[in-house]
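Enquirer: Chain residues, written in single-letter form:
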Amino acid sequence: MRDRAEYARKGIARGRSVVVMQYADGILFVAPNPSKALHKISEIYDRIGFAAVGRYNEFESLRLAGIRYADINGYTYNRNDVTGRGLANLYAQQLGMIFTDSIKSLEVEIVVAEVGDATEEDQIYRLTFDGSVFDEQGMAVIGGQSDAVAGRLKERYRPGLSLAEALDAALAALTEPGGERSPIGQLEVAVLDRTREQRKFQRLAGPRLERLLAAGPPEAPEAPPAPAEPTLPEKGAPEVDTGPPTAPDGDIDTGSDS
Amino acid sequence: MNNLFTNTGSSSFTEFLGMHASDLLPFRTERLAVPVSDQIPHATTIIAVTCAGGVVMAGDRRATSGNMILQRDIEKVFRTDDYSCLGIAGTASTGIEMARLYQVELEHYEKMEGRSLSTDGKANRLATMIKGNLPMAMQGLAVVPIFAAYDPNLDGGRIFGYDVGGGPYEQQQYHAIGSGSIFAKGSLKKLYRENASPEDAVLTCVQALYDAADDDSATGGPDVTRKIWPVAAVITAEGYRRLGDDEVAGYVHAMLEARMVNPDGPTAPLR
Chain P
1 MRDRAEYARK GIARGRSVVV MQYADGILFV APNPSKALHK ISEIYDRIGF AAVGRYNEFE
61 SLRLAGIRYA DINGYTYNRN DVTGRGLANL YAQQLGMIFT DSIKSLEVEI VVAEVGDATE
121 EDQIYRLTFD GSVFDEQGMA VIGGQSDAVA GRLKERYRPG LSLAEALDAA LAALTEPGGE
181 RSPIGQLEVA VLDRTREQRK FQRLAGPRLE RLLAAGPPEA PEAPPAPAEP TLPEKGAPEV
241 DTGPPTAPDG DIDTGSDS
Chain H
1 MNNLFTNTGS SSFTEFLGMH ASDLLPFRTE RLAVPVSDQI PHATTIIAVT CAGGVVMAGD
61 RRATSGNMIL QRDIEKVFRT DDYSCLGIAG TASTGIEMAR LYQVELEHYE KMEGRSLSTD
121 GKANRLATMI KGNLPMAMQG LAVVPIFAAY DPNLDGGRIF GYDVGGGPYE QQQYHAIGSG
181 SIFAKGSLKK LYRENASPED AVLTCVQALY DAADDDSATG GPDVTRKIWP VAAVITAEGY
241 RRLGDDEVAG YVHAMLEARM VNPDGPTAPL R
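These protein sequences, in sequence, are chains P and H.
One point on numbering: in my numbering, the residue at position 238 of the first sequence is 238, and numbering is uninterrupted.
One point on numbering: in my numbering, the residue at position 135 of the second sequence is 135, and numbering is uninterrupted.
Excised from the complex, chain P in its bound form (with noise of 0.2 Å):
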C-alpha cells in the first residue's frame, strides 16, 4: 500500500502544479500547458469545473465519466440538483475504489470546483489519487511542487481579488523565485464566472488573456513585457524543440521507471 502511494506521489509531483482560487467574481483555474488540445482544465456542467495533474489517460477518462454523471442527473432530475458535493463524492469513490482494490493506483490529483450565487456559496474540493476529499478554503494547489507554490500563493491570495489580481498571484505563485513566467501560449487560464448566464465556465485565451495580464498588479511592471516577447517568436517557430505534445506535462509517465 505504502509502495502504491509513494509511486503515485511521485508521479504527480513530476508535472507541473495547477492553480484553483477563487476571486471575487468566482473561481480561476490557472495550468501551465503547452498544449493546445490535450486540457488540464474543463468544464463539467453550469456551475463546475474540473481541474487535473498527472497521468493524461486516467485524468480524461474521470473527467468524461464526470460530464456523464453531470448530464445524466441534471437531465433526470433538473439542472439545479447537480452539485459539486455529489461530483466528488462519486470521485472519491472511484479513487478509493481503485487505489484499494487494483494493483496500480490513479496517479492524478484533481480539483472539483463549483462557483455559487455568492463567495460564501463557492466550493473547491480537492480529490487525491487515494480517494482523500479536502474541502479547500478559498484556494487549491496540485501537482508538482504543491506545497512551494501554495506557500507563495498564501502570501498574495486575499478573498476579493479581481480577476487581475488573481491571475497575477497565480501566475506569481506558479513561478519560482527568480524564474520567469510562462509565456501566454503556454498558459491554460478559464474561469467559473458567476455573473455569466447559465453556463458558468469560460476559458480565456487570445486578446481577453493578453489584456488581462497587462492588467496585473502595478508592483511588478516586468508583467506585461514578459507575456508579449515569448509570443512573437513562437509565433515564427513553433515548438521547435519541445517536440508533439503528448501529454500535458511534456513529459510521459510511461509507469515503467521507478
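Some hints could be false.
[Stated by the list, open to error] If you want a taste of the chain H side facing chain P, the calculated C-beta under 7 Å gives, among others: (1) 13; (2) 104; (3) 108; (4) 111; (5) 112.
[As the list claims (entries may be wrong)] Non-contacting residues of chain P with respect to chain H, defined by C-beta distances greater than 12 Å in every case (computed): (6) 3; (7) 83; (8) 100; (9) 123; (10) 137; (11) 158; (12) 172; (13) 175; (14) 183; (15) 208.
Just so you know, these hints were derived from the structure itself, not from any lab.
All C-beta atoms, glycine included, are put in the ideal place defined by N, C-alpha and C.
Using the hints provided, position chain H relative to the given structure of chain P.
Expert: Using the frame of chain P, we list chain H on its own:
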C-alpha cells in the same frame, strides 16, 4: 454508476442514456390501446426566416387539445446551444422532452470533444431522434421540429425541416411547421425579403404568425389583454438571443396599429 467509467462509446448523450437509463428516453415502443392524440396537448405554428447574417425563429404560444385551448403561454422555441435553436410542433409533451434531450445532446458532445458539432452534424443528429419516435408518430403522437442555426462556415443562417420519419430537409429562405404553417408560409412567400435586417425579419415573423392565427384556430394570436406575445429569437454571429417581452410587444403593436387600417396586413406589389 459503474459504467460511467467503463463506457468508452461515442460522445452521444442519447446513446449513453439508452444504455444507462433507457426509461428516460422520450421514445416509446409500446402500442396504445386507445388513440389518445386528441387528448394530448398539441403545439402549433413555428416559423423560421433567414436574415442578413443569421436567422430568426418565432412561434405562437398556444397549445390545444382537440377544440380546447390548454395553455395560452406555452414555449415552443428552445435554445439548443449558442448558435442554434429548435421549434416543435405536434405532441407537446414528447416534443418538449425531445428538445430537452437534444439540448443535453449538443452540450454533452461539446464538453466531451472540446468542440461544437458542425451545423450539418446537429441537423443529422436531430433527424435520428425524430426517427426514433416513428412508432409513436404512427399512432398519432407525432413530433415535427424545425431547426435553425447560424453556420460560422457560411456566416449565415440555415433552416432545416423534418417529417415524422426524420430528415433533414434543408430549407432556403423560410420555413414553417404546425397546423398554421400553410397560412404562415403563404404570408411569408409574399413578405420575405432577401437579406432583411434581423429587426425586419422579426416583424415579418410577427406578421406571418398573425396571418396563421387569423385562419387557423389552433394558432394563438398575440394576447394584448394578458400581454402574451409570440416567442422570437435571433441567432447571428453574436449567438442566440431571445427577444424580451417588451421588445416583441413593440413589433406586435406596430403590426396591430397598421392592421387597424388594413386588417389583412401589408400587401406585396403586384408587379
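Enquirer: Hint by hint, say whether it matches the structure.
Expert: Hint by hint, here is what the structure shows:
1. 13: 6 Å, holds
2. 104: 5 Å, holds
3. 108: 5 Å, holds
4. 111: For residue 111 of chain H, the interface hint holds, since the closest Cβ of chain P sits about 5 Å away, which is under 7 Å.
5. 112: 6 Å, holds
6. 3: 24 Å, holds
7. 83: 15 Å, holds
8. 100: 16 Å, holds
9. 123: 20 Å, holds
10. 137: 28 Å, holds
11. 158: About 33 Å separates residue 158 of chain P from the closest Cβ of chain H, which puts it past 12 Å; holds.
12. 172: 29 Å, holds
13. 175: Holds: least Cβ distance 27 Å, greater than 12 Å.
14. 183: 22 Å, holds
15. 208: Label holds. Min Cβ-Cβ 16 Å, cutoff 12 Å.
In terms of the numbered hints stated before, the structure departs from none.
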